Amino acid sequence: MRILCFVKAILDPEAPPGAIRFPGKVESGDVSTVLGPFEGNALELALQISEASAGSFTAVAMGDGAQDVALRKALALGAGRAARIDVATGFVDPLGAARRLESAAKELGGADVYIFGRQAGDWDMGVTAGLFAGLLDLPFVPLVQQAEVAGEGLRLRREIPGGYEESLRTGPIVLSVTNGPRTLMRLPKVKDVMLANRKPIDVLKPAEVGENLTLAEIAQAQVTRQSRMITGDAASQAAQLSAELRRFLVTGGGN
Amino acid sequence: MGIPHRVVYWNVPDHAWMYLPFAILCIVFAYGVWRRWRVWATGRRMPLRPWGPRLRRLLSHAGLQSRVVRRPLQGYAHLALAVAFVLLFIGTVVVALKADFGLPVMQGAFYLWFESATLDAAGLAGIIALAIFLVRRYALRPSALGRELPDFLVPFTLLIILITGFLLQSLRIYATHDPWGAYSFVSYGLSALYAAWHLSTPLALIIHRSLWWFHLLLAFSFLGAIPYSKLFHLFMAPVAILLSDPDGATKLEKLDLEHSERLGANMLTDFTVKDLIDLDACTECGRCEEACPAFASGKPLSPKRLILDLREHAHERPLEPLTAAIEDETLFACTTCRACMEACPVDIEHVPKIVGMRRFRVMEEGEMPTGLAEAVQGIEERGHPFRGAQASRTTWMEGLPIREWQPGETCETLLWVGCAGAFDPRAQKVARALTQLLLAMGEDLKVLGRRESCTGDPARRAGQEYLYQMQAEENVKTLKDVAPRRIVTMCPHCLHQLRDEYRDFGADFEVVHHSEYLQAALVTGRIRAAAGGRRITYHDPCYLGRYEGVFAAPREVLKAAGGDVVEMAHHGPDSFCCGAGGGWAFREEGVPRVNRLRAKEAVATGAEVVATGCPFCLSMMTDGVKAEGGGEVEDIAEILWTQVAPEVTAQG
Ligand code: SF4
Ligand code: SF4
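The listed protein sequences correspond, in order, to chains V and D. Going by the numbering used here, 43 is the number at position 42 of the first sequence; the sequence numbering is gapless. Going by the numbering used here, 563 is the number at position 443 of the second sequence; the sequence numbering is gapless.
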């Protein structure tokens with residue numbers, strides 16, 4: 002099976018509060034760029050399917066050189082090829098993104114299975130995969146947690162309340178992957194990491210797509226935090242706590 | 121009476137037949153040695169120079185058995201047995217020189233005082249030592265000692281050999297009315313018994329002659345069994361000691377990532393010659409196991425078992441991968457505390473083998489326990505192992521008059537805070553106390569702030585050598601740019617990296633642990649502490665004590681802070697790990713936890729405060745001591761600052 006797995010590197014979601022600032026644009030300071038968490042799940046599934054079908058997969062990212070972190074990880078995990086659609090990092094219009102990915106997919110010769118992470122860990126929209134499927138006129142299974150190669154096709158499992166559901170597909174398909182016990186990304190082997198650092202990353206020219214949405218404003222939420230330790234014995238702590246809570250309900254937290 | 125002497129091979133006219141079993145013995149022995157040699161020869165060669173420290177260690181650990189005698193009863197018994205057998209061996213050589221080469225060595229004063237008196241004393245000492253061993257193993261039954269058939273046969277056979285030796289000699293003295301018999305005082309005493317029993321001379325001759333052959337064949341069988349049993353340590357222990365790293369193998373070997381056929385150890389050939397000789401040098405004494413925190417807390421690791429499993433693998437399946445011999449959980453259970461290596465009387469090096477095998481599992485197979493894997497990933501992605509940290513590298517120093525170093529500036533004293541000091545809320549307090557102390561000393565102090573990155577120590581101990589080397593190279597580069605006069609650190613793991621292991625990456629800095637720096641400042645009067653009076657016990661961090669050899673400085677600091685320092689059952693080089701090392705600080709541990717075991721010891725001292733000098737120990741001991749109902753756990757810097765702060769204020 003030919004597989005395309007879309008990956009994205011994002012600003013460290015574990016960066017301490019306030020380290021990333023939004024004064025009209027995103028300022029990342031010293032925060033590092035890491036592979037998005039759901040892209041790790043997507044890579045794991047891509048790897049499992051390619052192993053089970055004795056094939057290989059291509060990893061595709063969109064953005065500037067900072068995206069290479071994600072592509073190198075994909076190469077270390079066993080991607081046969083890595084390509085980056087060279088666009089400036091910034092606000093992402095999901096439809097525009099899906100169009101660019103569609104054109105890149107064509108340029109790369111298409112695939113049987115297109116795999117996305119459930120949502121990019123930074124903007125958290127989670128719609129690009131669906132839009133992409135629509136553009137290609139392909140069926141779309143979201144939030145997959147397990148995939149098995151069944152003959153020529155794929156058996157895809159996703160969780161539903163109180164159980165699971167499995168769908169079967171022979172022929173091209175788009176899926177998005179979420180975290181689950183079977184999609185936990187494995188550790189790449191160090192030999193492969195070292196080799197991956199020497200492999201080429203193809204740079205693709207982005208397709209010309211019109212703007213559908215533009216960024217009007219981006220700003221930081223104002224968070225005020227007040228805390229104080231309540232001390233004393235248990236009874237006095239309880240009394241102080243209830244007094245605090247009452248005051249909070251009355252004043253809404255202000256002084 | 122003439123010159124004192126005795127007739128060699130008296131009463132054994134057919135003694136020449138002994139060369140037949142002797143020839144068999146030589147062949148069996150040589151084959152046994154060759155079988156083992158075959159394995160050692162496949163090991164990697166290691167550098168041996170300089171020889172000086174190695175020879176000194178050989179004299180101390182093998183000659184004087186300085187580690188063996190740390191356990192006085194069995195230790196001195198072992199030393200006595202070893203000396204006895206060396207003497208008896210010399211005595212036998214003398215007999216051979218006389219009998220086979222006709223040299224006149226068995227006569228005169230030498231015969232009386234050495235061949236007779238000294239050897240009798242040696243034989244007696246040997247019997248007493250063996251009796252102690254047997255009583256200890258079978259009556260006291262310590263769990264670290266095995267009780268399989270060979271464990272019994274070895275001391276028992278030796279005992280029989282010594283006893284029959286005395287019987288032979290006494291029968292000869294009795295039957296020949298040896299005029300110099302009294303010099304062999306033990307045998308002489310026995311011969312007096314025969315006289316009392318009126319043993320007939322013809323019977324004595326028959327018994328002597330049969331016993332002579334029995335004694336000889338038993339001794340030959342025993343010698344022949346040496347290369348096939350744990351007795352081989354007689355020969356291999358001195359070699360293992362001689363080949364052991366003069367610095368105690370505290371520094372892990374820098375792995376050549378580009379050119380190694382395999383990353384880490386998974387075949388015997390990945391081990392060094394020393395590693396392979398270690399397997400044959402193990403005496404199965406169990407001291408490593410007794411010292412091991414992983415074993416004590418029920419984890420699937422015993423350093424002794426590990427060595428014996430590798431030994432069995434080396435002899436039975438030498439061409440198979442080590443994954444067949446040692447489980448992943450066994451390897452990852454180790455805290456790398458080095459207690460086993462400190463305890464081992466024959467300088468077997470467990471930790472380099474364990475980390476070597478971890479390297480393979482991690483780098484070639486992608487195996488790593490959860491928790492540890494996440495911490496290592498944290499180092500890779502954000503330069504520190506503390507997942508979910510709410511702080512940045514400089515949060516801890518808010519409000520303190522201290523600055524980050526800027527390019528182009530000089531740097532007198534660099535405070536290397538370490539990831540714990542920056543990201544762990546408890547350790548942040550230590551960093552603040554230490555900074556205040558250093559500022560009170562008038563120190564020109566800077567920190568690296570966002571330029572500081574994890575030394576990579578947790579990754580290296582976990583076996584992720586690749587990530588470690590990237591961290592090391594990056595940090596050494598930064599430090600060379602900064603070029604500080606000295607580096608002070610509050611983390612023993614950082615200390616071990618910056619001071620020792622980074623040397624393999626071109627580092628050559630003056631690095632001190634804060635305990636050493638504070639102690640020096642107290643001695644020279646740069647800081648003064650008000651009198652305190654708390655009862656304090658000090659927990660030696662493994663990486664400060666056993667790795668870096670710093671035992672006195674922290675205790676001196678505590679005393680200067682007015683502390684009444686009391687010691688735990690395990691302290692100094694014999695300290696017991698808190699359970700954090702080897703990546704365990706980031707893992708979920710089962711029950712019982714190592715820190716609880718250590719905290720019990722701390723609480724048992726009745727101390728009000730448990731002091732330590734490592735942020736990881738601090739966190740482990742805080743949890744443990746709380747659970748055991750003990751008092752406060754503080755870093756030495758905090759304890760000292762409590763006593764120094766009033767002085768600073770007083771001076772205004
Ligand atoms: S280093 Fe410590 S934990 Fe590891 S085997 Fe030795 S004693 Fe046990
Ligand atoms: S490794 Fe050393 S301490 Fe452990 S059983 Fe063998 S000889 Fe004794």
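It should be emphasised that the hints constitute simulated quantities derived from the structure, not laboratory data. Source: prediction; values computed, not measured. Built from N, CA and C at the ideal position, the CB exists for glycine as well. Do not take every clue at face value.
Said to hold, decoys possible - Below, a list of computed lysine to aspartate or glutamate pairs in the DMTMM-like style, where the Cα atoms sit at most 25 angstroms apart:
| id | chain 1 | residue 1 | chain 2 | residue 2 |
| --- | --- | --- | --- | --- |
| 1 | D | LYS597 | V | GLU103 |
| 2 | V | LYS190 | D | GLU708 |
| 3 | V | LYS190 | D | GLU381 |
| 4 | V | LYS192 | D | ASP134 |
| 5 | D | LYS218 | D | ASP271 |
As the list claims (entries may be wrong) - Sample of chain D residues lacking proximity to chain V, with all beta carbon distances greater than 12 angstroms (derived):
| id | residue |
| --- | --- |
| 6 | ILE247 |
| 7 | THR284 |
| 8 | LEU343 |
| 9 | GLU378 |
Verification of the supplied hints:
Pair hint LYS597 (chain D) plus GLU103 (chain V) does not hold up; C-alpha atoms about 44 angstroms apart against a cutoff of 25 angstroms. Restraint check for LYS190 (chain V) and GLU708 (chain D): the C-alpha separation of about 24 angstroms stays at or below 25 angstroms, so the hint holds. Distance restraint check for LYS190 (chain V) and GLU381 (chain D): the Cα-Cα separation of roughly 14 angstroms lies within the 25 angstroms cut-off, and the hinted pair is therefore satisfied. About 69 angstroms separates the Cα atoms of LYS192 (chain V) and ASP134 (chain D), which puts this hinted pair outside 25 angstroms; it is violated.
As the CA atoms of LYS218 (chain D) and ASP271 (chain D) are separated by approximately 36 angstroms, the hinted pair breaks the 25 angstroms bound. The beta carbon of ILE247 (chain D) sits about 57 angstroms from the closest Cβ of chain V, which is more than 12 angstroms, so the claim that it is off the interface holds. The Cβ of THR284 (chain D) sits about 60 angstroms from the closest Cβ of chain V, beyond the 12 angstroms cut-off, so the non-interface label holds. Taking the minimum C-beta to C-beta distance to chain V, about 48 angstroms, the non-interface status of LEU343 (chain D) holds against the 12 angstroms cut.
For GLU378 (chain D), the requirement that its beta carbon stay farther than 12 angstroms from each beta carbon of chain V is not met, with the minimum near 8 angstroms.
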